[in-house]
Amino acid sequence: MDSKPNGPGSRVPQEKNGDIIGSSPDGRSTMPGPNRAVPPAAGKSILVIDDDQTNQNIIRHFLEKNGFAVASAGDGEEGLRQARDKPPALILLDLMLPGMSGFQVLSRLKQDAALAPIPVVILSSLTQEDDMMKALTSGAADYITKPLSPVVLMTKIKLLLAGRS
Amino acid sequence: MKLYSSLVLVSFLGLLVITVGLFLTIIIRRAIVQYREREFAVRYREIEVELLKLLGEPGVDRALALADRYAKFPHVLTDVLLNYARSLWGGERAKLSAIFDRALRPRFRSDLSSRRIVRRLRAARLIGFFADQADEAVIQGLLRDPPIVRLAAANAIAQSPSTEAVPIIFRAFETDDVANAHAYKNVFFSLQLRAENGIREALRKSLELEKIEILIEIVGAIPIIALAEDVAAFAGHSDKEIRLRVAQTLGSLRLPDMLPVLLRLARDEAWEVVAQAIKSLGRLGRSEALDVLTQALFSRQWHVRYNAREGLLNMGEAGIARLEQVAGQTLDRYAADMAAMGLVDAASKGGA
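Same order as they appear, the protein sequences are chains D and X. Heads up: take any position in the first sequence, counting from 1, add 324, and you land on the numbering used here. Each step along the second sequence adds one to the number in the numbering used here, with nothing skipped, and position 38 is 34.
Here chain D stands alone, though its shape is the one from the complex (with noise of 0.2 Å):
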């Protein structure tokens, strides 16, 4: 098994100034056609919900600079208050938080009527096999492994986010 899915060796979209120019993608089933051209943001709002402040940084600094709005939350009670108050059009969520786990909130946010349609993309240290599949299981529109590829990330989102409109 290969521990990291877009580790060296797969296939990557170019990128230029910080934006996707094109994609080529890595085979993930997320992924909807070969070299397709990945959507504009569009001002999408996108709550990250992250413990640890540095990729809070990174992936606040790739999702604006790609034009999305973005709100974050340092553990699992203040992300589900976040998302109840302003519901965003993803979520990225990590697995390893304070208090609430990451599979406990995805669990709540799948409960809830209102915020079950949002899809969430899990970002996580954890390689194993059971993780990914119970995350995917529960709901997780796609589990995309750390350390991250931001390139790889912005693709997905935008991906996702399209197949949604």
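Simulated from the structure, these hints should not be mistaken for laboratory data. Hints should not be assumed to be uniformly reliable.
FRET-style restraints, in silico, Cβ to Cβ [said to hold, decoys possible]:
# : chain 1 : residue 1 : chain 2 : residue 2 : range
1 : D       : R405      : X       : I28       : 45 to 53 Å
2 : D       : D409      : X       : L48       : 24 to 32 Å
3 : D       : D409      : X       : T326      : 50 to 58 Å
Calculated pairs, BS3-like style, for lysine-lysine (alpha carbon to alpha carbon, straight line, at most 30 Å) [unchecked claim]:
#  : chain 1 : residue 1 : chain 2 : residue 2
4  : D       : K458      : X       : K181
5  : X       : K49       : D       : K458
6  : X       : K68       : X       : K49
7  : D       : K410      : X       : K207
8  : D       : K389      : X       : K49
9  : X       : K49       : D       : K368
10 : D       : K458      : X       : K236
11 : D       : K458      : X       : K207
12 : D       : K389      : D       : K368
13 : D       : K389      : D       : K410
14 : D       : K458      : D       : K410
15 : D       : K368      : D       : K410
16 : X       : K207      : D       : K434
From chain X, some residues computed to sit far from chain D (all C-beta separations above 12 Å) [unchecked claim]:
#  : residue
17 : E44
18 : L48
19 : Y66
Where is the CB? At the ideal position from N, CA and C, for every residue including glycine.
Got chain D; can you put chain X on it based on the hints?
Just chain X now, with coordinates in the frame of chain D:
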């Protein structure tokens, strides 16, 4: 009497001066530490902001300019680069390496071969992200260091190991103290399939029980299918914890060939081993295990019954039929209850 009073006064004044001096030293020292921490935090944020600006930009020119600007703050720059290297992968990581090469590599090389453990340890933290081929000889020397430096080095080597480095890591594991053994898990996991030969050879040696447990566990975690037979050889081991790990690992490998071994472990004398073997049989999902899983619903141990229920649910209609049979009998109400709960679960998920 007068002399005595003077002595007391002088002593009192002396003590007072010493006490005040001590307090002042503590206060000044604390102020200096706080000032340095503040400076560190400010500088860290400053570098971080600059670094974020260049992430996503083409080329490394701006990265090199940042390296030149902050080379005079090596500790702060090292911390920023380490934190970002842990979070980033791909093209952006290359920019961090360019900054490291420009601003920190000479210092890193001198730290790696320093006589001071603290400096070697600090350098060892960086190896995994920024070491290149030329550093490997020095890194391997670190494996002969005290445990804390050796483990940091082993962890680092595992991220980009040479053919020579892998046996060295295993030698370090075999000869290291048992108390340190668990720290090698991450190293072996990072090695992925490159760990196969090392694990196979280590399993054939007479190591401490905890080390054997770790090796067996890692085979399932990676997983390394080619080592299934080597793991199965421990199914009859006298130690319960080892048999437990064997049952767990064989479940992770999901090899039909291992069914007989798991069926044997499902009859183990220790209920913990039985519970794990039943769980693994459930994951395997083979019809040959139906009878054993059904029988396990009648176990006195809740965990065994629960794993049997989950296993039968994993077996589709044949498993559901067995649950219905057990739910309908009246000889053992615990087994009936467990089976009935399984059927409720199946119904709620649309499986029945």
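Okay, the hints, checked on the actual structure:
1. Roughly 41 Å separates the CB atoms of R405 of chain D and I28 of chain X, a value that falls outside the hinted 45 to 53 Å.
2. Range check, D409 of chain D to L48 of chain X: about 27 Å between beta-carbon atoms, so the 24 to 32 Å window is met.
3. A hinted range of 50 to 58 Å for the beta carbons of D409 of chain D and T326 of chain X is consistent with their spacing of about 53 Å.
4. Between the alpha carbons of K458 of chain D and K181 of chain X the distance comes to roughly 23 Å, so the proposed pair stays at or under 30 Å and holds.
5. Of the supplied pair hints, the one linking K49 of chain X and K458 of chain D is violated, its CA atoms being roughly 36 Å apart against a limit of 30 Å.
6. Between the alpha carbons of K68 of chain X and K49 of chain X the distance comes to roughly 20 Å, so the proposed pair stays at or under 30 Å and holds.
7. Proximity of K410 of chain D to K207 of chain X is assessed by CA-CA distance (about 50 Å); at most 30 Å being required, the pair is judged violated.
8. Only pairs whose Cα atoms come within 30 Å are accepted, and K389 of chain D paired with K49 of chain X is accepted, the gap being roughly 10 Å.
9. Proximity of K49 of chain X to K368 of chain D is assessed by CA-CA distance (about 22 Å); at most 30 Å being required, the pair is judged to hold.
10. As the CA atoms of K458 of chain D and K236 of chain X are separated by approximately 28 Å, the hinted pair is consistent with the 30 Å bound.
11. Straight-line distance between C-alpha atoms of K458 of chain D and K207 of chain X comes to about 29 Å, which keeps the hinted pair within the 30 Å bound.
12. A hinted pair counts as satisfied when its Cα atoms are at most 30 Å apart, and K389 of chain D with K368 of chain D qualifies at roughly 13 Å.
13. With a C-alpha separation of about 22 Å, the suggested pair K389 of chain D and K410 of chain D falls inside the 30 Å cut-off, and the hint holds.
14. Simply put, K458 of chain D and K410 of chain D have alpha-carbon atoms about 27 Å apart, close enough for the 30 Å limit, and the pair holds.
15. Simply put, K368 of chain D and K410 of chain D have alpha-carbon atoms about 12 Å apart, close enough for the 30 Å limit, and the pair holds.
16. About 41 Å separates the Cα atoms of K207 of chain X and K434 of chain D, which puts this hinted pair outside 30 Å; it is violated.
17. Annotated as non-interface, E44 of chain X brings its C-beta within 12 Å of a C-beta of chain D; the closest such distance is 7 Å.
18. At roughly 5 Å from the closest C-beta of chain D, the C-beta of L48 of chain X falls inside 12 Å, breaking its exclusion from the interface.
19. The non-interface label for Y66 of chain X is consistent with chain D: the shortest C-beta to C-beta separation is roughly 17 Å, beyond 12 Å.
In this structure, the earlier hints numbered 1, 5, 7, 16, 17 and 18 are contradicted, and the remaining ones agree with it.
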